[in-house]
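A.B. asks: Since chain Z is already given, all that's left is putting chain S on it; use the hints.
Protein chains: 2
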Amino acid sequence: MVNIAVLGYGTVGSGVVEVINTNHDIVNKRAGEEIRIKYVLDLRDFPGDPVAEILTHDFNDILNDDEVKVVVEVMGGVEPAYTFVKKSLLAGKSVATSNKELVAAHGSELIAIAKEHAANFLFEASAGGGIPIIRPLNSSITADDITEITGILNGTTNYILTKMANEGADYATVLKQAQDLGYAERNPEADVEGGDTCRKIAILTSIAFGKNLDYATIYTEGITKITAEDFKYADAMKSAIKLLGTTKNVDDKLYSFVAPVMLNETNPLAKIDDVFNGIMVHGNAVDDIMFYGRGAGKLPTASAVVSDVVDAVKHMGTNIMTIWEPEELETGDFSDAVNRFFVRVADEAGIEEKINQLFGDVQYVSADGVTGEKAFVTSDMTEGDFQKKKTELGSIINVIRVAF
Amino acid sequence: MVNIAVLGYGTVGSGVVEVINTNHDIVNKRAGEEIRIKYVLDLRDFPGDPVAEILTHDFNDILNDDEVKVVVEVMGGVEPAYTFVKKSLLAGKSVATSNKELVAAHGSELIAIAKEHAANFLFEASAGGGIPIIRPLNSSITADDITEITGILNGTTNYILTKMANEGADYATVLKQAQDLGYAERNPEADVEGGDTCRKIAILTSIAFGKNLDYATIYTEGITKITAEDFKYADAMKSAIKLLGTTKNVDDKLYSFVAPVMLNETNPLAKIDDVFNGIMVHGNAVDDIMFYGRGAGKLPTASAVVSDVVDAVKHMGTNIMTIWEPEELETGDFSDAVNRFFVRVADEAGIEEKINQLFGDVQYVSADGVTGEKAFVTSDMTEGDFQKKKTELGSIINVIRVAF
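Sequence order for the protein chains is Z and S.
The working numbering numbers the first residue of the first sequence as 7 and each following residue consecutively.
The working numbering numbers the first residue of the second sequence as 7 and each following residue consecutively.
You can take every hint at face value.
Copies of one chain are not kept apart here, so a pair can be met inside one copy or by any two copies together.
In the DSSO-like style, the derived pairs of lysine-lysine whose C-alpha atoms are separated by at most 27 Å in a straight line are:
#1 Lys217 <-> Lys35
#2 Lys231 <-> Lys254
#3 Lys244 <-> Lys254
#4 Lys231 <-> Lys244
#5 Lys121 <-> Lys35
#6 Lys238 <-> Lys277
For the record, the hints were derived by calculation from the structure and aren't laboratory data.
Next up, chain Z with everything else stripped away, as it sits in the complex (with noise of 0.2 Å):
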């Protein structure tokens, strides 16, 4: 029997605790141990919960407890997190965890510890919620040189951009709508602005190149600013609007950003809609693969936590190799980084003239009932120097970068 301690009863937390009850048979045979979970940590009672007869509101009982082996960190949020995440590793307990505020500012530094006492620190539900993506980058995807890693990371806006393109409604009718189904938080920044995706591509840029990626060094841009208008002239292109998490390796330098792209109908990505999630990588020898599922909910995020507490049991004693090196990965500047974009700018006298002179053959664009603007698509050209451009153009309306 291995004894487990569960820091956190919120949604994942209690989802942990579920499928660890319901699923006991099949989750002990595979761990090759009994499963029990022998505290839950939370500041609140549950009077009436089964649980409050594990529960506690005192780490110190957890971490003073030699019998509990395997700790799962499901708090969110890096304080205390990363206090109670770093006790445990260097008690020699096991960690596994959801946490991708946690994992993308200290994910290294608790490797190390792990490794240092025969422990193992793990954090499949931290990017990609139920998809196993973390350890198929660590164990799977190991003969390939990676040239790129894409994905849809982001639960709340791919369910936002998604009734935004079916149903041709705007941004704040939607996020609203997202909200009252509880889709989104009522603060829901770090989602739309981009900082949830942010944080995920840099953890899986780290795992599949070996050393670290600082997630506040990515550039990065929300979807608040995409209109109903977009929609239609992506219509009109036959393409979707996602906002992307990418990692593209260029000559041995990194570059990433989180952006909304327009994506080709034919981009498998670009089908991928509401809550679900998708992760593409593209290695030398395998080309391209897909990972789809539900980036998110307690159930999803619950198995993929409870998958690491499977491995930790299985690996006792023993560390799971993670290359996950402190130092930084080598990145190239962001304004080298080169794309596409798709312009909207106002229609005012000599623009076509203006839009030629400074971006070359274009290729334009129109959409439904939208007037008074002209939309393109330029070549590919750095980010550089298109930023330089773009403060030339003209009064812009809106700027997509464009993957196709």
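C.D. replies: The following block gives chain S in isolation, referenced to the frame of chain Z:
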């Protein structure tokens, strides 16, 4: 340094050599050791090819060399692959294979031998080619009660069905094109009659459910009876026709089959075209997850084989827990499996009455330019019930299972 040997220098074997040579820095870093190909076994000679220097025609050179720690078996077919693999494992060498015939026929036995000798028998490439699916089933989707695995597992047939759908061409014409392009074998039986898919779904099911599924017991139907007219109906029903390998878990009994199935276009598998494969797994916690990528081809398959070599090197001297017991899985009688059926029958006098009498409320379908027949979709019914009623119905033109 770890020495390995490659059995078979055909398409996949030469791909394995290429991936290990091209990506050696990355592969060695991830393995934690330098991987050196000491032998390549093939009956042929390859004068002028660098492989000539390490070529042997005698398996005993490899078996008796204690320096060889990992054997890559990419010969295909059950014999002599089985004999070579078994001897390698008995000698404590780990084996990585892409050979679905071998794995489907002897997987559980070879896993057990590997375990007894603190070695590993790994077969990521035996289903889904480059797609990571065996390792995720074994070590990632471990928290879930899996209720279904459904996959497009054969690139040749998916290429043929995609061409038929897009071009309105008939089966024979497209098969010929596929053969000319090298996408289909001169003797295409193993692909088009479903035998390849059958072995792959047997492997995936055995790994997912932990016991053996004898592939010979799986109801298997190929794509040779699918016509251009069937695709006209599929179009009318906004659906795709895909050759699926499916296992469903109903009340702890497994029902497996291989057959062409009409999928609603909203089903993510419906959009997997050409030579790509996709595998959908449904679990009670994680819900639907899908894995997508190249299911065949030199480098994608080699990528999966080399990832197994890396895993074998990382776990030298330790057995990776893999649950595939020799005991047979509890399967239900296929005649009790519940499906819906799309049926085309000659339009004889009184046929509608007869249809309604036998099948109750059905959904009639018509397709542009197809006359002289009636086509309909049944409600859910058992395979046994359907087969009985089918024989009573009249002159059946075709039947395709429906999943929507």
